[in-house]
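Starting from the known structure of chain V, arrange chain Z on it as the hints suggest.
One-letter residues, chain by chain:
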Amino acid sequence: NAGVTQTPKFQVLKTGQSMTLQCAQDMNHEYMSWYRQDPGMGLRLIHYSVGAGITDQGEVPNGYNVSRSTTEDFPLRLLSAAPSQTSVYFCASSYGGLNYGYTFGSGTRLTVV
Amino acid sequence: AQKITQTQPGMFVQEKEAVTLDCTYDTSDQSYGLFWYKQPSSGEMIFLIYQGSYDEQNATEGRYSLNFQKARKSANLVISASQLGDSAMYFCAMREWGAQKLVFGQGTRLTINP
Chain V
1 NAGVTQTPKF
11 QVLKTGQSMT
21 LQCAQDMNHE
31 YMSWYRQDPG
41 MGLRLIHYSV
51 GAGITDQGEV
61 PNGYNVSRST
71 TEDFPLRLLS
81 AAPSQTSVYF
91 CASSYGGLNY
101 GYTFGSGTRL
111 TVV
Chain Z
1001 AQKITQTQPG
1011 MFVQEKEAVT
1021 LDCTYDTSDQ
1031 SYGLFWYKQP
1041 SSGEMIFLIY
1051 QGSYDEQNAT
1061 EGRYSLNFQK
1071 ARKSANLVIS
1081 ASQLGDSAMY
1091 FCAMREWGAQ
1101 KLVFGQGTRL
1111 TINP
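Chains as they are written, first to last, in the working numbering: chain V, 1 to 113; chain Z, 1001 to 1114.
So that you can see chain V by itself, here it is in the shape it has in the complex:
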């Protein structure tokens, strides 16, 4: 049982480059989310999805795109990387319902130079 799998674990990008952070879960969770973690800021929600084909913006969506074509996958796209996007990115998934916590991936450490 893999849980939530994020790839890559580390990435260095040059300013202006694009890339996709991959996230896959094998628990048949309807809900998936992307967060970024910066020192002193906690985890801030970038985008989230309540099911295949349905996505919505979180607190800090600018510069990021998402799509959810399957229940399992929720990739995060950086269209034109900026140094301000240097961060640790977490993907998480959950069943619907208040009493279900989100299960987190191991994170991707992204550096934009």
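Since the hints were made in silico from the structure, they are not lab data. Here the structure is a predicted model, which means the values were calculated and not measured. Ideal placement from N, C-alpha and C gives every residue a C-beta, glycine not left out. Any given hint might turn out to be false.
The following label-pair restraints were derived from C-beta to C-beta distances [what the hints assert, rightly or not]:
#1 V:S69 to Z:Q1057: 38 to 44 Å
#2 V:N62 to Z:K1073: 25 to 31 Å
#3 V:T5 to Z:A1001: 27 to 33 Å
Okay, now just chain Z, sitting in the frame of chain V:
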């Protein structure tokens, strides 16, 4: 909009002491869930404890308990008999019935001294 506030950036306690980490929240939803997560230096996010807005009893999980005061909108985490392995970042989070997204506070870094 839902909001979580953790006012203690850092806490230092002696091993074996009890520690309380503060969390206040704001929501207009009547149905919501409150969560605490632990993030050790290795970086993974570990779920600790859950409290539902309609739960009458405070949640407990081993050495962790949640002091839920609904009228004050607070959901403090209490760790009894702290251990060196409890040193980590701790995050309070809330999930509303409507949006179902999980929103986090800024976190508290707990350091346990031997």
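Structure-based check of all given hints:
1. Between V:S69 and Z:Q1057 the Cβ separation comes to about 42 Å, which falls inside the hinted range of 38 to 44 Å.
2. Between V:N62 and Z:K1073, the C-beta spacing of about 30 Å keeps the proposed range 25 to 31 Å intact.
3. Here the CB-CB span from V:T5 to Z:A1001 is close to 31 Å, well matched to the stated 27 to 33 Å.
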